[in-house]
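Visitor: Sequence:
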Amino acid sequence: MNIGLGVMGVAELLVEAGLPYGSDGARVILGQSLSIIQSAAKEESMKLAEWRGTFPLYPGSVWEQINEPVRNAALTSIAPTGTLSTLLDVSGGIEPIFAVAFTRTTNEGHVLKYIHPKFVEIAKQEGFFTKELVEKIIERGSVLDVEEVPPKWKEVFRGAHEIHWRDHLLMQAGAQKHVHSGVSKTVNLPSSASIEDVMEIYAEAWRLGCKGVTVFRDGCRGEQVLTTTSGREKKGFYMSGRKVQGEWGNLLPIKLPDDAPARRFYVETPVGELQLTIVTDDEDKPVEVFGQVGHAGSDINADVEAICRMTSVALRSGTPLWYVVKQLMGIGGRSSIGFGGNRVRSLPDAIGQVMNKHFLGVENEQTVQSGDCHLDICPECGSAALVHESGCDHCQVCNYSKC
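In the working numbering, the protein residues as written are 2 to 404.
Hint data in this document are derived by calculation from the structure and do not stem from the laboratory.
Wrong hints could be hidden among the right ones.
[Claimed, not checked] Lysine to any residue pairs mimicking SDA-like chemistry, simulated, CA-CA at most 20 Å apart:
1. Lys155 <-> Glu122
2. Lys212 <-> Gly32
3. Lys178 <-> Pro191
4. Lys286 <-> Glu269
5. Lys327 <-> Val268
6. Lys119 <-> Pro151
7. Lys286 <-> Phe266
8. Lys327 <-> Met311
9. Lys153 <-> Ala18
10. Lys155 <-> Asp168
11. Lys178 <-> Trp207
12. Lys212 <-> Pro191
13. Lys358 <-> Gly341
14. Lys48 <-> Ile4
15. Lys114 <-> Ser86
16. Lys286 <-> Arg310
17. Lys119 <-> Val91
18. Lys48 <-> Val63
19. Lys358 <-> Ile308
20. Lys212 <-> Val8
21. Lys155 <-> Pro191
22. Lys119 <-> Ser86
23. Lys178 <-> Arg310
24. Lys212 <-> Val63
25. Lys178 <-> Glu289
26. Lys114 <-> Lys153
27. Lys125 <-> Lys137
28. Lys358 <-> Ala315
29. Lys43 <-> Glu65
30. Lys286 <-> Pro258
31. Lys256 <-> Asp282
32. Lys132 <-> Tyr115
33. Lys125 <-> Glu17
34. Lys155 <-> Lys178
35. Lys286 <-> Val314
Could you build all of it, start to finish, from the sequences and the hints given here?
Guide: Here it is, written out as structure tokens:
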């Protein structure tokens, strides 16, 4: 006999009122709105009770104690309303706006750019709207450090990550006073938040009387539905002094200079001699691979080109060399060439062996592959040089021994 009448679009209501989320005025409006909803719901539930009777467990309940016969044991709750609010283009539940500008990743992997329509509307009404302003906000994902935006609207349009966690909790606690069931609420934290911060939030939520709370630390998941542009920039990383930017599905490899050193290798493979050219950076790390077997235009050369292109993309996108080598080495084809440590099983195996020997520092090819012995990653130095010998794992580079 429980129902869950609730709200959504509270953030847009506060924008219309010109009130920052988490402010005293915002809590007053939210409390008054939910109180009206709760009173109206109770009045209708009491009418239903006259017609159909109270809910089965009414005797002995808190409703009987205050002598209010109702049909429903619980009437109101605050649900996430994620899909519904998206359809109506408003914020979910009592959440603040996620950000003035952000990207949304769909289930199909499409990345959609978004700027809050209320901000555009107000900017036009107050005369500070320009296309350049919109581009700047989309680039930054925030209005806090944008000079063209008046101070009042900077506060009103603070995103979820720009609101202090205590203000998040005060809004939830204020709502809980006028809601029978739980309140869905997320406290958004920056990626710099600590374990102690999270512990303090849960403790404070309990002290304030919240029935539950969700804490989301930015970047804690490899794939997020909503991300700000600034958030994606923070998740960029550096490789050989150049920044590799992006998120899953939108990662861009580093661009190489016009002139770069390269090393050439010749390797016998089951399908002929492989001419392998490996371009390196200023630290002699491989960043691009080219290969050719026999004459250009053959199917074999198409395979070589595909393998080299994908290997190059992985290296230029920051994938560790040892991980790339591990994927290539050991791949077998219909036939092989050579014996023992000199055995080459396929084209990708040949490419992996060259990078393993000449760029990971594994000099003894017997460590790469000898009979059933295979290469693995050393937990001590990270080199692809760990082999299983005499019942124990042993690294041929740093002499690490599991035993």
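Visitor: Straight-line Cα separation of Lys43 and Glu65 no greater than 20 Å?
Guide: Judged against 20 Å, a Cα distance of about 14 Å means the pair holds.
Visitor: Between the alpha carbons of Lys286 and Arg310, is the straight-line distance 20 Å or under?
Guide: Within the cut-off at roughly 16 Å; holds.
Visitor: Between Lys327 and Met311, is the straight-line Cα distance small enough, at 20 Å or below?
Guide: 14 Å, holds
Visitor: Can you confirm whether the C-alpha distance between Lys114 and Lys153 stays at or below 20 Å?
Guide: 25 Å, violated
Visitor: Mind checking the alpha carbons of Lys178 and Trp207 for me, to see if they're no more than 20 Å apart?
Guide: Holds, at about 14 Å.
Visitor: Mind checking the alpha carbons of Lys48 and Ile4 for me, to see if they're no more than 20 Å apart?
Guide: 15 Å, holds
Visitor: With the threshold set at 20 Å, check whether the alpha-carbon distance from Lys358 to Ile308 stays at or below it.
Guide: Roughly 19 Å between the alpha carbons, so the hint for Lys358 and Ile308 holds.
Visitor: Is the hinted pair Lys125 and Lys137 satisfied, with a Cα-Cα distance of at most 20 Å?
Guide: Status holds; Cα separation ~16 Å.
Visitor: Is the Cα-Cα distance between Lys256 and Asp282 20 Å or less?
Guide: 11 Å, holds
Visitor: Between the alpha carbons of Lys178 and Pro191, is the straight-line distance 20 Å or under?
Guide: 28 Å, violated
Visitor: Verify the proposed pairing of Lys155 with Glu122, using a straight-line Cα cut of 20 Å.
Guide: 15 Å, holds
Visitor: Take a quick look at whether Lys119 and Ser86 sit within 20 Å of each other, Cα to Cα.
Guide: Holds. Lys119 to Ser86 sits at ~15 Å (cutoff 20 Å).
In summary, the numbered hints that this structure violates are 3, 4, 12, 23, 25, 26, 34.
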